[in-house]
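With the hints as a guide, bring both chains together as one complex.
Line by line, the protein sequences are chains A and B.
Take 1 as the starting number for the first sequence in this note's numbering and just add one per residue.
Take 1001 as the starting number for the second sequence in this note's numbering and just add one per residue.
Bear in mind the hints are in silico, worked out from the structure with no lab data behind them.
From a predicted model like this one, the values you see are computed outputs, not experimental measurements.
Fair warning: there could be bad hints in the mix.
[Claimed, not checked] Across the chosen pairs, the derived CB separations fall in these ranges:
no., chain 1, residue 1, chain 2, residue 2, range
1, A, 12, B, 1044, 20 to 28 angstroms
2, B, 1056, A, 107, 17 to 25 angstroms
3, B, 1060, A, 70, 34 to 42 angstroms
4, A, 16, B, 1078, 44 to 52 angstroms
Every residue, glycine too, gets a C-beta built ideally from N, C-alpha and C.
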Amino acid sequence: GAVVSQHPSRVICKSGTSVKIECRSLDFQATTMFWYRQFPKKSLMLMATSNEGSKATYEQGVEKDKFLINHASLTLSTLTVTSAHPEDSSFYICSVSSGDTEAFFGQGTRLTVV
Amino acid sequence: AQTVTQSQPEMSVQEAETVTLSCTYDTSESDYYLFWYKQPPSRQMILVIRQEAYKQQNATENRFSVNFQKAAKSFSLKISDSQLGDAAMYFCAYRRYSGAGSYQLTFGKGTKLSVIP
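So here's chain B without its partners, still in its complex pose (with noise of 0.2 angstroms):
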């Protein structure tokens, strides 16, 4: 069964900052898709970034980026220029074919990153 850890809980980061996210992952498939989610206090899932297993090109987004480490089942999330609306939990999720023509994703427990004025 895949596994998703984020080791820290919480996180803070001086607004314009620049903060690091982590998350691993245990899987013995090869292709997969990996995504960073954040749910702000509104609890509305919010799609960051993604990151397709077959790709070394680590992912961008404007002022987020991953750190993608496959063979050390490694994916980072960096925020740089940090903004008090990112304040929000983040979610690390993996996605695996489940059957059927559907993927499911399994997240994990989250952190809860606040960003200091």
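The shape of chain A in the complex, shown without the other chains (with noise of 0.2 angstroms):
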């Protein structure tokens, strides 16, 4: 299967600033990526949906002017949390196909907003 490298693993940040959190498919070409959103010991959450070039698609819900998420390139998505407050802390994942290939899941990264 594709290696997805997510980075950071971990990240803390405090309140008010913004952190990036980068997707790379690192031996796959990925026409759309999607980022996940997972509470403690809960399923995934679908936030939104990528395609390359294109802007994203949002979840009901997911404010996209606080998750900013680029897809510039076929193997490069990142998602920005904008002015990040505490209950923004969790774990993000992100996944990547294309057309009807299965989903190919980055390592995760976990945010805490201090």
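Here is the structure:
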């Protein structure tokens, strides 16, 4: 399967600052990338879907101005949490796919906002 | 909207024994894919097995097999000869076409599997 590298794996930031999470598909041309949020002991909740070169499609209830997603190339997508607050602390996971291939997941990023 | 239900928040199994994890889903579509993912403590999502809805034959991957009942919208996972490394969260997922050439996954709430030595 594809190798998906997510960076950083852990990040701590101060309340009010912004933090960027990268998702790189190392050996796979990902036309579609997904961003999920996972609360402790909970399931994965889809935040947004992005197709390369297009604006991301956000799920209902997800603030697009707070969670900025950029999918500039077939191998890189970024999620920027702007003006982070403690309630944004969570585990964020990206996944990649192309057409109807299976989804490949990054190892996740644990964000803690203090 | 598609929903995926896993009714067992936690399960346990003795090492070397067999365990079955349940999953039901709701959809009005006839062609779709179903998946079981494993999430160990490392939090890395690992694909365990997949099933194409148009295939009647149940998928099998080594010690992992599914019981796919399309009419009942049921998709259970059987783990045979359980090993300590099988301990993890298991998520059932439904995949649907979401437009623009992409497919989305909807996950169940997960079942935490413990393996007792």
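Consistency of the hints with the structure:
Remark: the range hint 20 to 28 angstroms for residue 12 of chain A to residue 1044 of chain B is upheld by a beta-carbon distance near 21 angstroms. Checked against the given bound of 17 to 25 angstroms, the beta carbons of residue 1056 of chain B and residue 107 of chain A, roughly 36 angstroms apart, lie outside it. Under the hint 34 to 42 angstroms, the C-beta atoms of residue 1060 of chain B and residue 70 of chain A, about 40 angstroms apart, fit the expected range. At roughly 49 angstroms, the beta-carbon separation of residue 16 of chain A and residue 1078 of chain B lies within the given 44 to 52 angstroms, and the hint holds.
Hint violations for this structure: number 2 only, all remaining hints satisfied.
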